[in-house]
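Colleague: The primary structure of each chain is shown beneath.
Number of protein chains: 2
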Amino acid sequence: MQILSVDIERTMDKAIGDCGMTQELMDALAPKLEEARVAVMRAAGSGWLEWTDLPSADPSQFLDYAKEVRPHIDAVVVIGIGGSALGTTALATALLPFYYNERSRQDRGGNPKLYVLDNVDPDETFDLLSRLDLKRTLVNVISKSGTTGESMSSYLVFRQRLEALAGREKLKDLLVFTTDPSEGVLRKLGASLGVRMFDVPAGVGGRFSVLSAVGLLPAALVGMDVEELLRGAQEMESWIASAEGWDNPACLFAGIQYLNDTAFGRGISVMMPYSARLRDVADWFRQLWAESLGKAVNRQGETVNVGPLPVKSLGVTDQHSQLQLYSEGPDDKIITFLGVKEFQNDLTIPAPDAEAAALSYLAGHTIGELMWAEQKGTAWALAERGHPSVTITLDRVDAYHVGALLYMLEMATAISGELYDIDAFNQPGVELSKKATYALMGRPGYEDLAGRIG
Amino acid sequence: MQILSVDIERTMDKAIGDCGMTQELMDALAPKLEEARVAVMRAAGSGWLEWTDLPSADPSQFLDYAKEVRPHIDAVVVIGIGGSALGTTALATALLPFYYNERSRQDRGGNPKLYVLDNVDPDETFDLLSRLDLKRTLVNVISKSGTTGESMSSYLVFRQRLEALAGREKLKDLLVFTTDPSEGVLRKLGASLGVRMFDVPAGVGGRFSVLSAVGLLPAALVGMDVEELLRGAQEMESWIASAEGWDNPACLFAGIQYLNDTAFGRGISVMMPYSARLRDVADWFRQLWAESLGKAVNRQGETVNVGPLPVKSLGVTDQHSQLQLYSEGPDDKIITFLGVKEFQNDLTIPAPDAEAAALSYLAGHTIGELMWAEQKGTAWALAERGHPSVTITLDRVDAYHVGALLYMLEMATAISGELYDIDAFNQPGVELSKKATYALMGRPGYEDLAGRIG
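Chains as they are written, first to last, in the working numbering: chain A, 229 to 682; chain B, 229 to 682.
Honestly, the hints are just simulated from the structure, not real lab data.
One should not assume that every hint holds.
For chains that are exact copies, the list does not tell them apart, and a pair is met inside one copy or across any two.
Unchecked claim - When the alpha-carbon atoms are kept at most 27 angstroms apart in a straight line, the in silico BS3-like pairs for lysine-lysine are as follows:
#1 K398 - K363
#2 K540 - K662
#3 K663 - K242
#4 K260 - K416
#5 K400 - K363
#6 K400 - K295
#7 K398 - K663
#8 K398 - K540
Please build the complete structure, drawing on both the sequences and the hints.
Modeller: So, in structure tokens, the structure goes:
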């Protein structure tokens, strides 16, 4: 019994017809796929693949710190953007109860509220500040480089208020930084103020950092089961280390996505969870996949301009929004359904009044059965139209299974980088926009550029 | 001074180079574009274009009802899916303060909380039910047909609990239905229970219903300025009625999107607001655009399988997630930036400590200026890479401007339907999935299908 299943049956020609995957195509890719896996396993733990060491790291520093500070705080504010925020949001949506911040402390299991400030919207920032009792709020500033303009702006705004309220000496009790172990502005600021700091290891990029302090510190602070998260990731790691090629879940996911993009022109990859808890896993995946695989040049420096577009969708809700297009529009998409076998609390649908006899078919079923039937029915209906889908199924949404899912998708991303023959760990395409922002904000050294932008 | 601006400069060859829009292409489309506008204006108010009458309708029925019930309720729950939910969510995110449901009643302006249940996730439904004081909750069930399986399941679950709590006689005080004026199960149920009902006019499809009772009743219940919403839509309506072809904002948006899809192969349309308040306008647009334009056949019945993919993005957050792909990946996307000139509450960025001198360029600017610079810088950087973007700018995010924006996008959708020569108002592609769900749920008459799905 595996920790999750990856089912590609509804990508195959047998299921969807002429525009489906063939055994021949899969056989032809098999050697390259296994080479890709071996290359990733060989590089694991070094260079930009240091994140493969995270599942087996000891989380006690996070748990101890959380235990120490929890009595003193009512809320945690994570200030971070991109990979410094998306993992925490994915974990929060998946593992905290719905409406978490609206609940009483008791109803939150004695844990603080959690806010993730991942934008520089002034209205959002203002409204958040006005909600908080800052003397009982822990602000976790996350920036590996320590120079991320958006997060550091938010930090400066928060810091001014914290200092006005508590004085410079007490700042260290209200702040915690997650940053590079030795380099950068945030590290220096933390040292000067005596702020507690946690490390983002050098070879862990933002989008692969969810199982580092970036994701695990907030997780520990709100009482998530960090050990189970890591145990799930470890179990997935063992599976990926031991299964070859198409028998490997990360290879299977990566290989099918790659072939659908390159051999069938399906460059749009929709992730559609049938569990509202998993909706932000799809958003986290969006960064992982887009930023890793969207590249102008391959590793030989040749221009390729590749990269599938990851799209976040949500079942069943988006059946009433996107399904019409998926069903009748261009055949340029592959859907990944994320299903769960068991919900935490299911509800039985009661029988309708006589006037509503047309709804009788629903009665006696649970809401969860309806969700499951819609997922299955939609996958079938898409296949009837010739559209492929992959189905990833978890027994339930808990820390153990979510840890496994995230790690599987990270490994699938690294393997995909090998298949596309690109560097999955850089992001050169965002530099020009950063420079343009510097120029427009009047940063010294960018005067010429400011003139060009106009 | 117009109510909003639509700027296409950064789609043009002058701005983005060889793969940019040319004046010749625009001139060639001009007659067809104006014909499309005239066709829509001629059909306005009839058939499936009855939604064009909504801006000038009298909203006093919503306001009066809201005034009557507001003292008796602490929360409104909207049960609806797709077009019955997305408009309300878009309005709520845009026009209510952030963290609305976490605020005290006083801090909500004396208005009830608002929950939109747009899915059949059992955990979400269970957690919502456990949050509510059902005796002081108004449940607004929205289904035009009255047979939407998901919403009616949620209704049955809620109704059982309401009846157990308050008795059948009192159900009418805790429910309000929004449905077809004369047909359907929900209409019959409402009549039998004596529930107050509001109409979805016959010629208003779900995705064009935000300015009907579907959106305006919840809006009125939580104290939004419904009259200003309609006034903005009316002003946009007048503009669209009086400006021809490329001078018309809805035509301009529709025409540029259409040409980028059909002449340049840019079938992905990203909407990227630089205001967190507008994030769910992008989600609402996602349904509007996908379900209206994603069609298998044209109006001559020929197979076309058209439809651009609308993608929801968010500035600046997604610069740290999607921009790498937009910048370096395939040239198959057109970005629409939604910008606002003025935020409600701006915040000045304080000067950093000496250790963080690298951040000095931020000091003295406001957070809103940073947001604006990032938007401008990103549009420029994408153009440098040859990628087109449209910029829609509002003075501020308020009911008046949001009403205008939504109406402009609805009209642009109808005009696009003419350009693609498809029926923008049906959704035949979702039927097979519905039938499959019926079959899997054991609905009589679908036994054969159940066997095929397996």
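Colleague: Does each hint hold? Answer for all of them.
Modeller: Now the hints, each set against the structure:
no. : hint        : in the structure
1   : K398 - K363 : within (10 angstroms within a copy, 46 angstroms between copies)
2   : K540 - K662 : both (25 angstroms within a copy, 22 angstroms between copies)
3   : K663 - K242 : between (51 angstroms within a copy, 22 angstroms between copies)
4   : K260 - K416 : neither (45 angstroms within a copy, 62 angstroms between copies)
5   : K400 - K363 : within (12 angstroms within a copy, 46 angstroms between copies)
6   : K400 - K295 : within (17 angstroms within a copy, 49 angstroms between copies)
7   : K398 - K663 : neither (35 angstroms within a copy, 63 angstroms between copies)
8   : K398 - K540 : neither (42 angstroms within a copy, 41 angstroms between copies)
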